[in-house]
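Generate the whole structure from the sequences, applying the supplied hints.
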Amino acid sequence: MLFLLAAGLTLVFGIMGVINLAHGSLYMIGAYAAAWTAMETGSFLLAAIAAIAAAGSVGMVLEMVVLRRFYARDHVDQVLATFGLVLFFNQAMALMFGRQPLFVTLPQALSGTVLVAPGVPYPVFRLLIIAAVIVVAVLLWLFIGHTRIGMLVRAGATNREMVRAMGVPIRGLYTLVFGLGAALAGLAGLLAGPIYSVQVGMGEQILISTFVVIVIGGVGSIRGASIGALLVGGMDTLLRAVVPALLQHVMQGPDADALAGGIASMGIYIVMAVVLLLRPRGLFPSL
Amino acid sequence: MSETLTHSRARQMALPWLGMLLLFAVPFIVQGLGIPSLLGLATRIAIAALAAASLNVLLGYGGLVSFGHAAYYGLGAYTVGILNAQFVSGDLLFGIIPGTNQLWFTLPAAMLVSGLVAVCLGALCLRTSGVQFIMITLAFAQMIYFLFISLKAYGGDDGLLMRRPNIAPFINLHNSAHMYYLAVVCLIAYVLFCGRLMRSRFGRVIAGQRQSERRMVALGIQTYPYKLLAFVLAGMGAGLAGALTANYAHFVSPDLMHWTQSGDLLIMVVIGGAGRLWGPLLGAAVLIVLETMLSGWTQYWQIIMGPILVLVALYSPQLHRRLDLSA
Amino acid sequence: MISRRTLVATPAAVGLASAFRPRLARAQDAKLKIGFITTLSGPGGYLGQDIRDGFQLAIDLNDGKLGGTPVQLFVEDDAFKPAQAKEIADRFYKNEGIRLFTGIVFSNLLSAAVPELLDNDAIYVSANAGPSTFSGKDCHPNYYVVSWNNDSLHEAGGANAQRLGFKSVMLLAPNYQAGKDALTGFKRMFKGQVVKEIYTRLDQTDYAAEMAQIRDAKPDAVYQFHPGGLGIAFMRQYQQAGLLGQIAMTVAEPSMDNTIVTALGDAATGVTVASHWNTDFDNAANHRFVEAFMKKYNRIPTTYASQGYDAALAIAASLKGTGGKFSGPEAFRTAMVPAKFDSVRGYFAFGPNQHPIQNWYALEVQRGADGKNMLRTTGEVLSKYGDAYSAQCKL
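Protein chains in written order, with our numbering: chain A, 1 to 287; chain B, 1 to 327; chain C, 1 to 395.
Derived from the structure by calculation, the hints contain no laboratory data. Where a beta carbon is used, it is the ideal one built from N, C-alpha and C, also for glycine. Be aware that one or more of the hints could be misleading.
[To be verified] The list that follows gives simulated cross-link-like pairs (lysine-lysine, DSSO-like), each with its CA atoms no further than 27 Å apart: (1) Lys-94/C x Lys-152/B; (2) Lys-191/C x Lys-167/C; (3) Lys-196/C x Lys-152/B; (4) Lys-372/C x Lys-325/C; (5) Lys-65/C x Lys-218/C; (6) Lys-218/C x Lys-167/C; (7) Lys-167/C x Lys-196/C; (8) Lys-340/C x Lys-372/C; (9) Lys-152/B x Lys-33/C.
[Stated by the list, open to error] Which bits of chain B does chain A cover? Going by a derived footprint, with three or more residues having C-beta under 8 Å, they are: (10) 133 to 141; (11) 235 to 248.
Encoded structure:
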């Protein structure tokens, strides 16, 4: 899930140089669209389409109306503006759906578990997520690496001016790329809904982790995003699983758990700090 | 022509003093209007302005976009809170430091703690630049946020209650006017100090590296120590603001260090005019007043706040050129 | 330039002043102001909504009055943030002059917002949170609890588990005061073996790791305390992990209130619950409450609504006892302590620490007459039970 979000965000940042805090909001929009569609129609497939379409279209509209004006501006202004967008979207969702978290029920086929290995049951839905992410990763790699548009995207990431000078309609390209990033975010939202609950503010929680992934992986690089996501996700899970047990030896009960939780959360930031100090541009910078 | 020049210069010089006079007169104005709650609002604005002013040193003058400034604000607040908790319980902090509720000790202690952390974190963060700098400052702030959430001994994410504010001779912080004056005095002192600083050689280097790092290097100036010092001074200012807020609200919680708080500080600096001496005060006033008014109308106030921010971001440079609020 | 600024500043100042004119300025009809700080948003939001709706219902059924005094309810959302709860409390106290407060759902918010109110002669009547810290040596004459002491809720749970014959139990609760109280309380009454104790996080939505641990430990039963939306998420994942039906689950009311039952559908069948109230209690006050609630709000009341309702009735009884006037904490207390009102749960009295003495019952999630799952009362667990801390209170 981190990968999906990170890939989208890194594309946007790498190609267009815009920091978009509202990426988390697109994720949330996708999740809400999916949840609502699922509740109204009961079809998971329709919900999936709705999520991607909703997030993608909102994303493109956003790009055309707002973000376009910020390409030439400082990072501060971009941060400010997208921060404002985050507030707006959070409240808009609260207005439309109320502040109660929505719970998406999965169709029979997808709930329940499957034996991955003898004695190791694993929820089907999570397997689906992993599968989806792998499929998307492969598709992205094909798209960016092996199609004309992908080539334009890569070119734009390395040298924007040159691409424009060559007469490529850069505006349309930007809108498309942004829409793609948004669609990815929407997909992530769709997949996240049934596990976490769909609620206002869900975007921010995951956004920071997404930024960490991008910085570690290197801005503008999909490969970096995937490695980064693996690293961050893996480190996070590892710490959550291991640290509490370790601390139990030293401290008592609930305080140990709280401290462990804190340390586990801190873990990914420490990793990022280390990476940045050794390689200030991330592991696989494309800029 | 020389008359117009001196006229506007005189106006420019008089303005801050008039402003300060106005600040000191607020409690009386408030009493006259008969709306005591305004004093609390004014105090909150003063404290926020102090925090924003400290960020202004980094962002406005130095062009360093720190997205984690709230960490120092929170550290200052927690220093006061923890010292108070130790005082109430009678235990020694780390086994050697006694708790205290004495203002003359807690305020400098808060500044010291945030300053020390700023040195450590600044040393690391300043090795990067551009977007990485923004991200790494954000990340460290989040780290500190999670650290305090996990400290159950001091409330964790439930926060730490201070049933009584700090004490000092001649000052009673239960009295809202005293609290307000304390905040205003700290604010004015810090801002004047910054103004002084920015007119010195130090200030020129900082401003210079904002305009062009390369030029500074070409001139043979090592910018890194200057940036670090700026980082520390900014951190200490935020720490002071944090200590004040602990005394005002009687409550500290990790929320003070949340990245949205850092975002708010950035907004205040930009609205007020980055790099302008009294900009942070204006920015803080506008933001807090706007928030308070909007939330009085509807619980969905952020839906209006959001687009306003977007517009501000879009038009602020032009706005500032027009209004020309300079220091 | 100055003129442009003044142009902007003046209307702003006027607007500002008008936004702050205290509501006291309105025409006075001596309404008693009650400050209602509660959680209306986020996963815990429906708890606050129910308490508010229950409380408001009592006011409505009495023509806008409690105990003969017209009241005005000031409701605000603390958004589950201790700092915000405290800020609202301070504002209500200073700007609106409110001296009677109620409504907080969660114990951690109560610990942040209430102490300073009590220190300054305001009264707090709790309709839900009952942290044990305030039931014992930190009890306060201005502080009343109408719902339950957090521990005793789970002591009932433990007694119920004991009664149902479970020999080994695994415990889970979020890591905050009420969570810790929960497991402490359970262990006080449960005499079997506690296989493991797990503290989850209050903002946790993913319980995969915990489900794995439950599966490994294979206890007779699981006892978990996850109120509101947390409970729904937990139970869903319990079912998804295939544990429902394999390992019995027994809980206390907050983990399986009527809203959770409705949301979970089949995922809740067979769960046993310890509670002090249910919709099917057979007394006049309860019948009146349930009917009126369902008519006005078109949903089944949860225990939180019943607690809000009872809190209003308790306050009404006190106001009636002081002749319809609110004249300060002492007079309020004298009239409050005898608890002369008909609680919807049947028997109710205040203990020496101003927390309830009441009966506890066993419920079970069963299929009702309409085919949907509901909570049915199956027996009594504890009779006229107070809490374990009252002896430490020096009131």
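Status of each hint after checking the structure:
With a C-alpha separation of about 30 Å, the suggested pairing of Lys-94/C with Lys-152/B is violated against the 27 Å cut-off. Restraint check for Lys-191/C and Lys-167/C: the C-alpha separation of about 8 Å stays at or below 27 Å, so the hint holds. At roughly 21 Å between alpha-carbon atoms, Lys-196/C and Lys-152/B fall within 27 Å of each other, so this suggested pair holds. Annotation: proposed proximity of Lys-372/C to Lys-325/C is violated, straight-line Cα distance about 47 Å (limit 27 Å).
Between the alpha carbons of Lys-65/C and Lys-218/C the distance comes to roughly 54 Å, so the proposed pair goes past 27 Å and is violated. Between the alpha carbons of Lys-218/C and Lys-167/C the distance comes to roughly 12 Å, so the proposed pair stays at or under 27 Å and holds. For the given pair, Lys-167/C sits about 13 Å from Lys-196/C by alpha-carbon distance, which is consistent with the 27 Å threshold. For the proposed pair Lys-340/C and Lys-372/C, the alpha carbon gap of about 37 Å is over 27 Å, so the pair is violated.
A hinted pair counts as satisfied when its Cα atoms are at most 27 Å apart, and Lys-152/B with Lys-33/C does not qualify at roughly 36 Å. Counting residues of the stretch 133 to 141 of chain B whose C-beta sits closer than 8 Å to any C-beta of chain A gives 6, which meets the bar of three, so the coverage hint holds. Three residues within the 8 Å Cβ limit are the bar, and the stretch 235 to 248 of chain B against chain A gives 0, so the coverage statement is violated.
Going down the numbered hints, you'll see the structure goes against 1, 4, 5, 8, 9, 11, while the others check out.
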